[in-house]
Amino acid sequence: MSIGQILALLGAAIAAIGAGIGSSRGVGLGGETSAGVSTENPEVNSKLLLLQLLPGTQGIYGFLIGVIVLINTNVLGGAMKPVELFQGLSILIGCLPIGIVGYYSAIKQGKVAAAGMIMTGQRPEMSGKGITMAVMVETYAVLSLLLSFLIVNAIKL
Amino acid sequence: MAIVEMKHMDMLALDRDRHELLAAIQKLGCVQVIQADTEDVTFNKPSAMAELPGLEEQLTRVGWAISRLVKHDNTKKPFMADKPSIDTAQSEAVLLQQNQLMETVETLEALEREAGDLRGQSARIEALSEQLRPWQNLQIPPSDVHTTRNTFALLGSVQKASWEIWQAENTFGELCTVEQISTQRDLAYVYVLCHNSQREHAMAILKEGGFTAASLPHGNLLVREQLAELAEEQQKIEQRQQGIILDTAALVVNLVPLKQLYDVLASKRARLYAVERFAVSEHTFFLQAWVPETMTKTVEEQLMLVSPSVALSFYDPAEGEEPPVLLHNSAAVTPFESVVSSFSLPAPFSVDPTAVMMPFFINFMGMMVSDAGYGLMMAIVAPLLIKALKPSKSTQRMLWLIMGGGLMTIFWGLMYNSWFGYAPLPTVFDPMNNAMPVMATCIGLGALHLFAGLGMAAYLNIRRGQVLDMLCDQVSWFMLIVGLGLMLVVPAVGQWMAIAGAAIVVLTAGRKKSKNPIKRLISGLGALYNVTGWVSDLLSYIRLFGMGLATGVIGMVINILVGMIAGGGIIGMVLGAAVFVGGHLFNAGINIFGAYVHSCRLQYIEFFGKFYEDGGIPFRPLVTSNSYVHIRDAQ
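The listed protein sequences derive, respectively, from chains P and C.
Mapping of the first sequence onto my numbering: residues 1 to 157, in sequence order.
Mapping of the second sequence onto my numbering: residues 1 to 635, in sequence order.
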């Protein structure tokens, strides 16, 4: 196995790990808050579930970039293509946006979602605004997903 | 597309017709009663509200009884179904049953009280048993443990270790017996019987061993027998507790009428709250309200029918007055009103954006879900659910909205050539291998969306006769942004258009801030900085591509997984089918939700940002309560 191949796989791993950890923390925080708010006001539980779901998308984006790397290097096909050192390095760099931004934005989004849950608990009619606020944060995850995708897809093996 | 025009209604009527008139108004469901504003001294009689506190209490009790009985209700609740309906005749029948139903409530309350008493008794028995349990091997009744002329007797606990030492060393001597009844962890429960001469000696030793006297209830029975009695009592209590549960469950038959009664009474309460807003004189009352303009005729006819002596007048809201806001749209657009109202209703004299927003909304949703297979699912399943389950109005609207998104999803799925993650047809847009055209399309649609917003602002300005504002604030920006765009294609035209637009912005943006021409120019230059806002607004539409891509790639991954699993014989096929169905349902679910939310965001931030005037107060007419049932007219 060449260093280039290892770097490409490292990139896929970073994308999934960074965004995955971020989403776990974000969704986890949301879940804790949701449980707390639900004890006070059980009727809003289904609205809280939507808010809790929001920070989960970053993990999916990271996973997605990881899979694209695996597809492009034909790992999923069974026989990994040869990857030169600089190609591998470029793939690794391409994975960084979603790995890093995914990590931070999921945590921040989790916090905004948690705050939105507390708001929803006290004023259920505001749940739509809580969701909108959390989606604001998601914008940057979507942008970094795109950048990661464009870089990774631009490297022809 | 419209905000419904509201009229003021003044109504003067005889007090004796009050009940019938209010019932008619409630049935009409389109009159919002407001605080009557009159300075006429005739109307100074406080409205009779004596009924209200009693009614509130009754409602609380009925509500409590319902919450009790619901726990024992085993009837299947149909998924997503709407609340049941009753007609006026049924609601009157329920009122006639009122006393009987309140008896049920009383029975429930009595049962609850009894259950509370039983819990208390049970806890007491448990505590007593706990106290007696160490002494169950005591061979005499506790009442026999007492001092005599020459001896003294004690029951209590000491450290087990001490007792063992005393035992081994015979510390107490001949004139004292210390008998161990039982041990529990490191304590020994002992029965001490001593000759009086040994009292001080014995007490000193006992104290060293950490002696604590036990006080037992002085029963004449052996402890063992007392415990048996308590256990028997406890069992009786448990039986009664079971009985209470059964008794409560037996009352479940009253659940349906109780729910009906609740809403009938709550409707009455709503009428009483309306009465609170009346101005009342000796024999008449004066009511003020908001009525949608379109309904004034109907309201007049119906109220005249109830009481011919009623005096009604309708008139426009006064200058500066803010009527409540009600949106009215065609049937196809109505489901999208919820998107607007969950942001905020438009201000009374602005514009209802629902109809303009709707095509953009479903189009963006379609681009983000972007799989024709999922689109078919949305477009077929949503109407089927409405047909089969007859859900509540708000759920129906949500499902219609999903169906609309589904139609556009089919279109974009065809463009991207994605069917449950497979690509069986020729591709128009290929986001995986040729991203640029897709991104350009996203930005282009975004520009269209933003210009539509700008157009709305221009429309508002024209309607208000502010043509100059429209030229300075909307046309200028339109020229500037279109010009900048054209510079990429036809530089000569685009350049001048952009410069002209920019010039208007610089020269006029500060016109309302200051009279000083230099200050105006400075704030004009500041306004030009908004170009960055336009750029970030436009880039925001890239999410259409990103979200669509996510759906497609995850669908593809699911299919790759299925392909790997399905290779392994029959079990593999079954497992593969399960993964296929589960995986695509998950992907569709999470992406439809994501597409809905992001499509909302594009409306709220980018589109509404260009023109929207929010802050309308929703129209809340006097209607019948529907916490558990709808009360409808028989016809």
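To be clear, the hints were calculated from the coordinates, so they are not data collected in a lab.
Yeah, the Cβ is synthetic: ideal placement off N, Cα and C, and Gly gets one too.
Where hints are given, some of them may not hold.
Stated by the list, open to error - A few chain P residues that face chain C, going by a derived Cβ cut-off under 8 Å, partial list only:
no., residue
1, L29
2, L49
3, I60
4, Y61
5, L96
6, V142
7, L146
8, I151
Stated by the list, open to error - Residues of chain P clear of chain C, computed beta-carbon distances all greater than 10 Å:
no., residue
9, R25
10, G31
11, T57
12, K81
13, T132
14, E138
15, N153
16, I155
* To do: Would you assess whether T57/P, listed as outside the interface, keeps its beta-carbon beyond 10 Å of every beta-carbon in chain C?
  => 6 Å, violated
* Interface hint outcome for L146/P [beta carbon to chain C under 8 Å] -> 5 Å, holds
* Taking the closest Cβ pair, is Y61/P under 8 Å from chain C? -> 6 Å, holds
* Asked: Checking the smallest CB distance to chain C, is N153/P really beyond 10 Å?
  -> 7 Å, violated
* To do: Check the non-interface label on G31/P: least C-beta distance to chain C beyond 10 Å or not.
  => 16 Å, holds
* Please settle this one: T132/P was flagged as non-interface, so is its CB more than 10 Å from every CB on chain C? => Check fails; 6 Å does not lie beyond 10 Å.
* Once the closest CB in chain C is found, is it more than 10 Å from E138/P? -> 8 Å, violated
* Interface hint compliance - L96/P to chain C, C-beta minimum distance less than 8 Å -> 17 Å, violated
* Asked: Non-interface claim for K81/P: all C-beta distances to chain C beyond 10 Å?
  -> 17 Å, holds
* In terms of Cβ atoms, is chain C entirely out of 10 Å range of R25/P? -> 19 Å, holds
* So, I151/P near chain C? Judge it on the closest CB pair being under 8 Å. => At 11 Å from the nearest chain C Cβ, I151/P fails the 8 Å test, so the hint is violated.
* Reported absence of I155/P from the contact zone with chain C (all CB gaps over 10 Å) -> Per Cβ check, I155/P is outside 10 Å of chain C; nearest 13 Å; holds.
Checked against the numbered hints above, the structure violates hints 1, 2, 5, 8, 11, 13, 14 and 15; every other hint is satisfied.
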